[in-house]
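Undergrad: Sequences and hints are given; from them, build the entire structure.
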Amino acid sequence: MLLRRYLLISLTLGLLGCVQSPVTPGTHHDYTIVAENEHFIWVRTTAPGAQRMLAEKLLGDAKQQWQIRELNPSAALAGERLLVVPKVPVNPSSVFVDGYRTIPILCYHQFTPGNTTSQRLEVSAAAFRAQLTYLRDNNYVVLSLDDVAAILDGRQAIPERAVVLTIDDGYRSVYDVAWPILQEFGFPATLYIYTDFVGGGKALSWAQMREMQTTGLIDIQSHAKSHTSLSRQTSDTGDAAYRQRVAAEVSTSAAILSSRLGSEPLHLSYPYGNSSIEAADILRDAGYRTATTVTRGENTVFSHRFLLHRTMVYDNHTLADFAGFVDSFVKKDLR
Amino acid sequence: MTRRWVRWCAWAGSSLKVLQVRLLLLVALLQSGCAIDPPRSTDALAEFVTVQTAQAQAFEAQGQLRTALIYWMTVEQLTGENENNTRRLQVQIEQLVEQYLEQASVAQSGQRRKEAFLKVLALSPGESVALDGLRELDTRRVVRLQSAKSAAENANRVRLQTGITETKLAEFQALLDAARYRAFVYQAGQLPEADKHPKFRQMKIQALLQFARQLQRSGQTEQALERLQQADLLAGGESSSVAEALQQLRQSLSEEWVMQGISLMNREPERAVDALQRAVGYDPANLVAQQQLARARKIVDNLNKLKALQAD
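Quick note, the sequences are listed as chains A and B, same order. For the first sequence, numbering that gives the first Met the number 0 begins at 0 and goes up steadily by one. For the second sequence, numbering that gives the first Met the number 0 begins at 0 and goes up steadily by one.
Hints are supplied without guarantee of correctness; some may be wrong.
As the list claims (entries may be wrong) - No more than 30 Å apart at the CA atoms, straight line, and that leaves these computed lysine-lysine pairs for DSS-like:
(1) B:Lys-167 / B:Lys-148
(2) B:Lys-148 / A:Lys-331
(3) B:Lys-148 / A:Lys-330
(4) B:Lys-113 / A:Lys-331
(5) A:Lys-330 / B:Lys-113
Honestly, the hints are just simulated from the structure, not real lab data.
TA: Shown next, in the form of structure tokens:
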């Protein structure tokens, strides 16, 4: 009875054009919209943690709070204050007169519990935790590859400190070691799986992948089918044969991932990081959004989306090395 | 007493319902954003305008025109002022963008072009000419990197498959440099997979070609031909120097067999036919060989007819 009355009142108000909307001037629970134009929304608030709350409510993504922070650098942290919220990225190119922002994409493979490793491609739990602590303490925004695609599309800008975490192959240690640590920090990561490996001795199972995927923190994408190089080989007899080989690796892996995990992959990492412009074209035609190599370098808004750079993280890298890997601003005087 | 209690309860119940409805109405109004606007704090507005204006001025002084423009825009709508500031900056930015795009179009190097395009984006982030230009430059750079990586890896794979290491390659190069072609060909014959190594294959083609010339000079033309055919097969028919040498040798061999055929024509016409057939085989375009072969065949044919008549 009461619920019916509440719904009736809400409906009546809605019909009068006063429905709750983030862009409707007026008072909301935590903030009041003072004014709005095509670029900005001006908001009065007393709420603590207003930047995060406004990003969530007005921009639809708490991760975008850095955009509000950047535009209101001297805003008081408490008490009543006026804040301006950008409706669209203020600087989608992320290029400034003193340099430009980049997106470091890190590449991990295997993890070990404790603090020892036995091979180069392994990172210990202790080292991984220290690296994520560094990211958290230095206010890094850990982006997903969908965020990267949105940045390359010009729909998002690069945060002041951004990084992407990716893990290749699909070793079981991701489930046993890395995932609990990622959950602890609430950082998203992308797992690139080559489907021939799944279910093997040291590999993840489909059930483990589904479990990690449901948390929303782990995004599972393609690392092709058999982990053969997708660059042109001396054994590829001609252009057509090469293209056919790459297309088969990509489409078979996509079909398996789709049937096992319920979603088509949209991002791919090239086995051994080996690619070519032809392989990039095949991915574009197949509807992929990004692809990554293992060549170190800058990822900017003007990078080729199917030849993105990644930095491998090895067991012998120190925290100082790591800090260098995630340095995401290239200084350049552009005045 | 009981009746009074019941009446009191009924009154309390209806009052509670009214209260609930009033409360719900208030909640719904608040949630719908249509509640009465709370008193506007001029302090917050004044502070905001002061801070944003100071930011705009500071950025402008540092030459960060785009950022300054954004800050001016954040106060323009609220105060109804500063329109001149935004317009002034917009004009200044447009002029600079034009200037940098011009610099990019005449830039002699990729580095200069990149810098000019970056300057454009620092002022006008959505400028498509600059974005496309930077994308093109970046793509070229990454494709170059990937191609080099791929070539190096292919070379490494080939090295592992063929057993041709850099040292081995240097040893064979030394044989080539010393004109020891026979030794090269003999030693290469001991490495069955070596022909898959692209650089080694090229070296071996050269060795076979030079070895064939040596053989030809010493009169061993048939052996020379065999080596040249081997070189041609290895080159996949794509070496013009091998093809040319092969053609010259075939012509030369064809001429030799024509001479042989002519000299045998009257004495041993059947052997002459054999010789001339070989001449045509080496060089099917040799007209003299074809004519002489026809002639020799006619002689043999006539002789056969004569023999048949004699037998009758």
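Undergrad: Among the hints numbered above, which are violated by the structure, and what are their numbers in rising order?
TA: The structure conflicts with no hint, since it agrees with every one listed earlier.
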